[in-house]
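4 protein chains.
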Amino acid sequence: MKALVYHGPGKIAWEEKPRPALEEAADAIVRVTTTTICGTDLHILKGDLPEVADGRILGHEAVGVVEETGAGVAAFKKGDKVIVSCITSCATCDYCRRAMYGHCRRGGWILGCTIDGTQAEYVRVPFADTSLHAAPAGADEEALVMLSDILPTGFECGVLKGTVKPGDAVVIVGAGPIGLSALLTAQLYSPALLIVVERDPNRLAAAKALGATHVIDGTDGKAAEKVRAMTGGLGADVAIEAVGLAASFELCQELLAPGGHLANIGVHGKSATLHLETLWSKTITVTTRLVDASTTPMLLKAVLAGRLEPKKLVSHRFALADALKAYDVFGNAAKEKALKVVLSTR
Amino acid sequence: MKALVYHGPGKIAWEEKPRPALEEAADAIVRVTTTTICGTDLHILKGDLPEVADGRILGHEAVGVVEETGAGVAAFKKGDKVIVSCITSCATCDYCRRAMYGHCRRGGWILGCTIDGTQAEYVRVPFADTSLHAAPAGADEEALVMLSDILPTGFECGVLKGTVKPGDAVVIVGAGPIGLSALLTAQLYSPALLIVVERDPNRLAAAKALGATHVIDGTDGKAAEKVRAMTGGLGADVAIEAVGLAASFELCQELLAPGGHLANIGVHGKSATLHLETLWSKTITVTTRLVDASTTPMLLKAVLAGRLEPKKLVSHRFALADALKAYDVFGNAAKEKALKVVLSTR
Amino acid sequence: MKALVYHGPGKIAWEEKPRPALEEAADAIVRVTTTTICGTDLHILKGDLPEVADGRILGHEAVGVVEETGAGVAAFKKGDKVIVSCITSCATCDYCRRAMYGHCRRGGWILGCTIDGTQAEYVRVPFADTSLHAAPAGADEEALVMLSDILPTGFECGVLKGTVKPGDAVVIVGAGPIGLSALLTAQLYSPALLIVVERDPNRLAAAKALGATHVIDGTDGKAAEKVRAMTGGLGADVAIEAVGLAASFELCQELLAPGGHLANIGVHGKSATLHLETLWSKTITVTTRLVDASTTPMLLKAVLAGRLEPKKLVSHRFALADALKAYDVFGNAAKEKALKVVLSTR
Amino acid sequence: MKALVYHGPGKIAWEEKPRPALEEAADAIVRVTTTTICGTDLHILKGDLPEVADGRILGHEAVGVVEETGAGVAAFKKGDKVIVSCITSCATCDYCRRAMYGHCRRGGWILGCTIDGTQAEYVRVPFADTSLHAAPAGADEEALVMLSDILPTGFECGVLKGTVKPGDAVVIVGAGPIGLSALLTAQLYSPALLIVVERDPNRLAAAKALGATHVIDGTDGKAAEKVRAMTGGLGADVAIEAVGLAASFELCQELLAPGGHLANIGVHGKSATLHLETLWSKTITVTTRLVDASTTPMLLKAVLAGRLEPKKLVSHRFALADALKAYDVFGNAAKEKALKVVLSTR
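Chains A, B, C and D are the protein sequences, given in the same order.
Counting in the working numbering, the first sequence runs from 1 upward without gaps.
Counting in the working numbering, the second sequence runs from 1 upward without gaps.
Counting in the working numbering, the third sequence runs from 1 upward without gaps.
Counting in the working numbering, the fourth sequence runs from 1 upward without gaps.
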């Protein structure tokens, strides 16, 4: 089969690889019909994740059709349309029993990282019963593939950890795909203010189109001041960090109201300063979370009911065989005005 | 001044009464500009609430303008536009400190019950600091008056106690004003299914117009069966009782999924049967709650942000001086297709 | 091997049965070293559970040693000391993913009900990875066997659902083993008052010995009145029903304070009256729950730390081979002053 | 009357001051019978709190007897024995309505800070209805005075924010009075491990005596390593920072398990480093909180029930008139082996 293969920093190729076979009783083989590229894939390409070996097929998001199942798979059979979760969950370890699937001792994020991934014609999915989700017939695959990773990540790490409530003032710092995913899913809880801070004008426009009540161009360093002005001087009830930099994390601290929640989604390479000299008395909560994709069933219901339209995140479409072109576009997101880039075999 | 006065079962009059004066330091006198009639007022009229004395001015919902404040009032002053809460809260008793304002030892629901109410040109509001809410200039009074009672009642007793979540299957039994208020506020949490069961065809149509995803005519006794069919055999995650009869409470039990919540809003005159012989093993939660109106600030933010449009509940409008006509219409709600009936001085 | 076998209402025998063998990859065979008898076993014996077939080995609680594991078992191996949970959990169905293991679509309570149970020399445990718990070397087996069912049942259905908090006034109605288990585990949350209502003088004495701050002899019908007197007229914050009768369920309603929780543990054969005519305005919560045994790991930590001493529930000890004698004693609990009756092979 | 008066950094005197009089309708005058010194008083003495003016009477903890009440006080009358809360709550502002009394717009921590305090023969308490608590006749005043500040601070900021649960592994860094108060109140939730890290040997011994399951001498820099060893390599479920230094805050980060909570109690003068480069994927929660003293009623019930023995925190006793001696001892806590130092008029 053909697949997108990583060959060390800066090197990927669309090349022939052996079609995956069942290895464990709990495995399923899925024929990929739609996949996408994640910001994390770009990090791999930069060499930021040394655990990804030369020869690894990338990708951890997909919709596809079950081709074959191991003897231990009870919930799926050949021919089933499925969503492949970015998180593989053994279901039985201590973390899985606490619904912390991202920390699963035999799974977690392994697809396209420590085992071959979804940017290929076929993928082997371990622990299929708890790592796949049935996709309803007729549902839009471009919407469904957003349920693999980006929607649950924005929702779980940003919206749920931030405890967004009706009437809240919510600020999202960063309007890349993950920030926009928090923006979409935050609307499930009807905040009063849904403010996006971002520097890229295209992304500011995207944020506005996707439901932000206000957008703030963050280039002038006055975002915290502006948020305070919009909130009667109080600051935000919820600040969602969706960039992964110390500066944006510190901005979130600065714009938070007493009693507020700072929910980190960003992947950070460096530490940040926590301003305890002011925050100690501000009654705040700071959270981090690895996505568990435990809310994919809930989000799927919301999508099917029309309460959530993740398809709006898709900016570009390619044939799977044009994966290299898709990486080119996604890798130049600012110039190409790219949000989510979908690859499909249809 | 003129006021709507109760004179025993079946008897009300629009008559002259002394204008109220400050009695305690925490009091405010409010000139009523908009008020409305509650189902509870009809119960009083039927004689169901013997604690309401002959001579009592009725009404516990209003928007108005502060005329005068006692020495202890800190948050309001003459000229302020305010929402009068149906719940008077002393703020200091043990129940108030637990935010159970409906159970306040010196307040609770007293307006138009044990003290004179809001269906009058002026009303005295005790504990004004915590029983009034500032109404933003320019906001629609018809929307605001719904925040006195009906919206917080549907939201607190139905939606919050029922723990409505994104993706949930929610059933509301009863589409009178209170059921419709639960219907409107449930949408703040983006349920997937929002089903209304009701027998009156006008109210079924109103439910559809106000956001029900499905409506069920309850006359054939097959509502539970239909809900099960709509939920893949599981039943509802949340059932909200908004009628106040044993039969509708039992229907809620019948249509609940394992793990489900039954939130009672209805005022019940009689006991109901709880089917513990099946429910003991169904992992369910049944709640009752007296409205506390503790969420009025949150709901006000949602209204001002356009997330909630309670004005849609208004079916009829009258001058305050036509209060008797308004009672006539509201008392014949089915025939008159009445939902909320607004009285105003403008 | 020898086992305690059910042969229809009123008939049990200690007889020879084939030693169980692995049937599925997820199975384990456990050699039973300690087991016990549950009130539910007596219900089976009375014929109350028609789903229990003639020939069924009874019992759903045990500590033992793993003899053999199927190919799919990852967490246990031959020789491991284990606690057998009363709840078999497939870990992958929709209910298990919500931690509602008692509702598991392929498991739940099946041991000693629809498949052979633990009152035998050996037992086959399906879904062993998630239906067994590792038992620390050296821990007291009599304490551990209480973690199979009775402790998590009292804790989950009574204490957790009742939301017992430090300082609360808690009333437990019924001081059989399950009520006493709620009594023991309620102390993990340091309530101020921990009142037990019961009619059997031996059980009242047991309740006092196990940590009740007050006991009330329920025979005079004045329990609600006495609870009110002990709580400054307010009533209980939490009422736990541990009998399974309409009368005790109604007593719980009667003694509840505004804002209180009524947590049902009892198995009910008949419906009860819910006094909505008073409760609609009392802001109460009524819960039922099937035990999930999801808290067994938490309770095990508490036992090992000495915070919980479930061994105190054991009133009688027998050799496993004397199972019939043990049933005799447990079946005449009042006369024999029996609480939990332990059978062991040591 | 006599009072302990601050006269700028390093200067306090026991001197004559006018006896306080009622200023507002909501005030009460309390005759102090027992008071104590807080670590914050020492900070004031060092000049760390410039908002404390020359001439201010210090102290924000007391038990006493009501001498006089303003016209607006409903819950207390002359002769009532009361606990004076460190937090003055107006009960009506937006923060108070959210139970964030520490942030009260007209109160918060003002006693002994911006208004005269409790280290005096008499004190004026504003908003008496919601800033005093009735003290039961006969209760031990030394226990009660711990409910003014130190117990609710340790409990709310440490135990509640840290979400201590039965079976948890809890680490408290710092065994000064506030850390010991967290230690005492954490036991209300029955954690399995309750580890205290501290450098002062006397305080380590006190921690052991007050319920720590393990103590770690933090001088060798191996505390995180030792905690990991005690928790099977996982780390702590809850880490409570009770020092107020960046180093101890960073230690808390280091010893936390995935899914853990870091609850800050310490007053910090400087920022700390938050190690997002590792914590972003560790699913943790960091909290700060200003004490609200909203749990004083709950803690009082626990004290009266004997579930909590705060009197054990008292190491030294003085007559009120010997306040300067008491400051001497408390200011040399290490040398004097001082924990809480009680001053009383009895």
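Simulated from the structure, these hints should not be mistaken for lab results.
Small disclaimer: the values here were computed from a predicted structure and weren't measured.
One should not assume that every hint holds.
Stated by the list, open to error - With the Cβ distance kept under 10 Å, some of the chain B side facing chain C (calculated, not the full set):
| no. | residue |
| --- | --- |
| 1 | His43 |
| 2 | Asp94 |
| 3 | Met100 |
| 4 | Ala209 |
| 5 | Thr213 |
| 6 | Phe249 |
| 7 | Gly259 |
| 8 | Gly269 |
| 9 | Glu277 |
| 10 | Thr283 |
| 11 | Thr285 |
| 12 | Arg289 |
The beta carbon of each residue, even a glycine, is placed where N, CA and C say it ideally should be.
Verification of the hints:
Residue-level restraint check for His43(B) is violated (minimum Cβ-Cβ distance to chain C is 13 Å; threshold 10 Å). With its C-beta approaching chain C no nearer than about 9 Å, Asp94(B) sits inside the 10 Å limit, and its interface hint holds. Of the supplied interface hints, the one on Met100(B) holds, with its beta-carbon coming within about 6 Å of a beta-carbon of chain C, less than 10 Å. About 29 Å separates the beta-carbon of Ala209(B) from the nearest beta-carbon of chain C, more than 10 Å, and the hint is not met.
The beta carbon of Thr213(B) comes no nearer than 21 Å to any beta carbon in chain C, farther than 10 Å, and the hint placing it at the interface is violated. Against a cut-off of 10 Å between C-beta atoms, the interface hint on Phe249(B) holds, since the closest Cβ of chain C lies about 7 Å away. Taking 10 Å as the C-beta contact cut-off toward chain C, the hint placing Gly259(B) at the interface holds, the least distance being around 6 Å. Taking 10 Å as the C-beta contact cut-off toward chain C, the hint placing Gly269(B) at the interface holds, the least distance being around 6 Å.
Proximity of Glu277(B) to chain C holds as hinted, the smallest CB-CB distance being about 5 Å (cut-off 10 Å). Annotation: interface hint on Thr283(B) holds; nearest CB of chain C at approximately 5 Å, less than 10 Å. For Thr285(B), the suggested interface contact is upheld, since its CB lies about 5 Å from the closest CB of chain C, less than 10 Å. Using the Cβ-Cβ criterion of 10 Å, the hint placing Arg289(B) at the interface with chain C is satisfied: the shortest such distance is roughly 5 Å.
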